[in-house]
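Fit chains D, F and E to the given chain Y structure using the hints.
If you're matching them up, the sequences are chains Y, D, F and E in order.
So for the first sequence, the working numbering puts the first residue at 1; every next one is plus one.
So for the second sequence, the working numbering puts the first residue at 1; every next one is plus one.
So for the third sequence, the working numbering puts the first residue at 1; every next one is plus one.
So for the fourth sequence, the working numbering puts the first residue at 1; every next one is plus one.
What the hints contain is simulated information worked out from the structure, not anything from laboratory work.
Fair warning: there could be bad hints in the mix.
A pair counts as met if it fits within one copy or between any two copies, since identical chains are not told apart.
Stated by the list, open to error - Derived DSS-like pairs (lysine-lysine); straight-line CA-CA distance at most 27 Å: (1) 102 - 74; (2) 113 - 100; (3) 96 - 113; (4) 102 - 121; (5) 113 - 74; (6) 121 - 96; (7) 121 - 74; (8) 74 - 96.
There are 4 protein chains.
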Amino acid sequence: MSDFAVTISPRFYETDALGHINNASITAWFEVVRVRYLESLENSDFSAAKDWILASIQVDFVAETFYGNDVVAKITAANVGNSSLTIFCEMFQQGKLTVKGKAVLVYMDSAEKTSTRIPDKLREQIAAL
Amino acid sequence: MSDFAVTISPRFYETDALGHINNASITAWFEVVRVRYLESLENSDFSAAKDWILASIQVDFVAETFYGNDVVAKITAANVGNSSLTIFCEMFQQGKLTVKGKAVLVYMDSAEKTSTRIPDKLREQIAAL
Amino acid sequence: MSDFAVTISPRFYETDALGHINNASITAWFEVVRVRYLESLENSDFSAAKDWILASIQVDFVAETFYGNDVVAKITAANVGNSSLTIFCEMFQQGKLTVKGKAVLVYMDSAEKTSTRIPDKLREQIAAL
Amino acid sequence: MSDFAVTISPRFYETDALGHINNASITAWFEVVRVRYLESLENSDFSAAKDWILASIQVDFVAETFYGNDVVAKITAANVGNSSLTIFCEMFQQGKLTVKGKAVLVYMDSAEKTSTRIPDKLREQIAAL
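Excised from the complex, chain Y in its bound form:
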């Protein structure tokens, strides 16, 4: 896939007393890029945020992130299971890898409130990106 990328400008309130961006803010950024990616798949048949439940996240803090330079957050891979979608993310600041993330989402039948098979059309969109 070609990378899906979002540029994030660190905010001063996202720093902490150690002088860098706090890990909780970085994990929140992972939601930003993840939701944008899901929205990019969206069409009239499905709306992103309500169709997916976040099952788990893993974040590796490879290097510190600092205030003052933009961060590029990329979706580097998206693996489709039956009802699950695993999204891989990498973040870079000044060209340096700072964060590696992995999220597992489950596709929901909003009427039944149960997990359900990811529709073919959506599978194609994920594969195409």
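For chains D, F and E alone, coordinates are given in the frame of chain Y:
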């Protein structure tokens, strides 16, 4: 009124690179004490968060707040208008005044989605506290 | 002055259970535009965030802000006192005024840790913007 | 080990438009309990937050967390390596398991800014808790 108070333990991620608690976190704490206060008025006839719209806030940062010691956030006064409620808050850390806040809320008729007169029962509860 | 503006894309985690952007997130956005504005004044003689202390903020929530459309946050005026700077901000979503903010900052002598007169060079920059 | 536990009252601004507590807030809570745990080990020879670097976190969102009831966040295990410490956390709301977390921290020599062997005294404290 006797003060209504909530104790808040500053969280590390609420600090910023200046080494103190960031002002955005403190403003968020003001929501915590305000909502708890409104919930304390709540009974079967009204549910707090949905009945009030926040019209404005003012926060004076009297002194820095630091990580490592609890903050006591007090509602010091609540003035009832026709459909509006003005809530005054003070925060203290180690006995020192750090923050003074003022919020204006408007009571809503949730069915009509318009502001409406604060019910008498609720006025009594506010006066009694 | 010509307006200084920052575009903010609301993030999903900045919504709350009432379905709109939470007031604490909006107040945090006010910091984003304020700090960017101060940084735009910055030169080799002074670094923005450490030279200013936030004395107070006032935020009027004129209309709800929603997820899904960008917000334009503008600095509409900046009034210089002796050691204080009052910054006025307005936020718009889809052309509609949603937020009016006002912040009072105090210029600090970082060595002495006391408030000090805003330097002439900085006054000129503020006036010019 | 006997569990180390922190009680967290969900805050209204920690909810999102899906009506539950947002995953970014829950990940931030994990920092709260983790830092408190590290501080409980602290003595005059070491100060918690500055001696540890967060290398990675994993969070499984087992069930939704809601506003309105306290969450109990427990450290259920802590495994010491040479310079690394793996902390396991579980969160419960109304007795129901909602979150399972795992964090890997690395002990730092703050002067040298490199990872270093966790001191014996600290190992004993971790084992004893």
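Same-copy or cross-copy closeness of residue 74 to residue 96 [CA-CA at most 27 Å]: The answer is within: 13 Å in one copy meets 27 Å, while 32 Å across copies does not.
Intra/inter-copy verdict for residue 113 and residue 100 if alpha-carbon distance must be at most 27 Å: This pair counts as between: shortest inter-copy Cα distance 22 Å, intra-copy 31 Å.
27 Å Cα threshold - placement of residue 74 relative to residue 113: neither (30 Å within a copy, 29 Å between copies)
Alpha-carbon proximity context of residue 121 and residue 96, limit 27 Å: So residue 121 and residue 96 fail the 27 Å test inside a copy (36 Å) and across (36 Å) alike.
Within, between, both or neither: residue 96, residue 113 at alpha-carbon 27 Å: For residue 96 and residue 113, the Cα distance is within 27 Å only across copies (19 Å; inside one copy 41 Å).
Homomeric proximity label, residue 102 with residue 74: Cα distance no greater than 27 Å: This pair counts as both: shortest intra-copy Cα distance 11 Å, inter-copy 24 Å.
Intra- versus inter-copy proximity for residue 74 and residue 121 (alpha-carbon distance at most 27 Å): within (23 Å within a copy, 41 Å between copies)
Homomeric proximity label, residue 102 with residue 121: Cα distance no greater than 27 Å: Intra 23 Å, inter 35 Å, cutoff 27 Å: intra-copy only.
Checked against the numbered hints above, the structure violates hints 5, 6; every other hint is satisfied.
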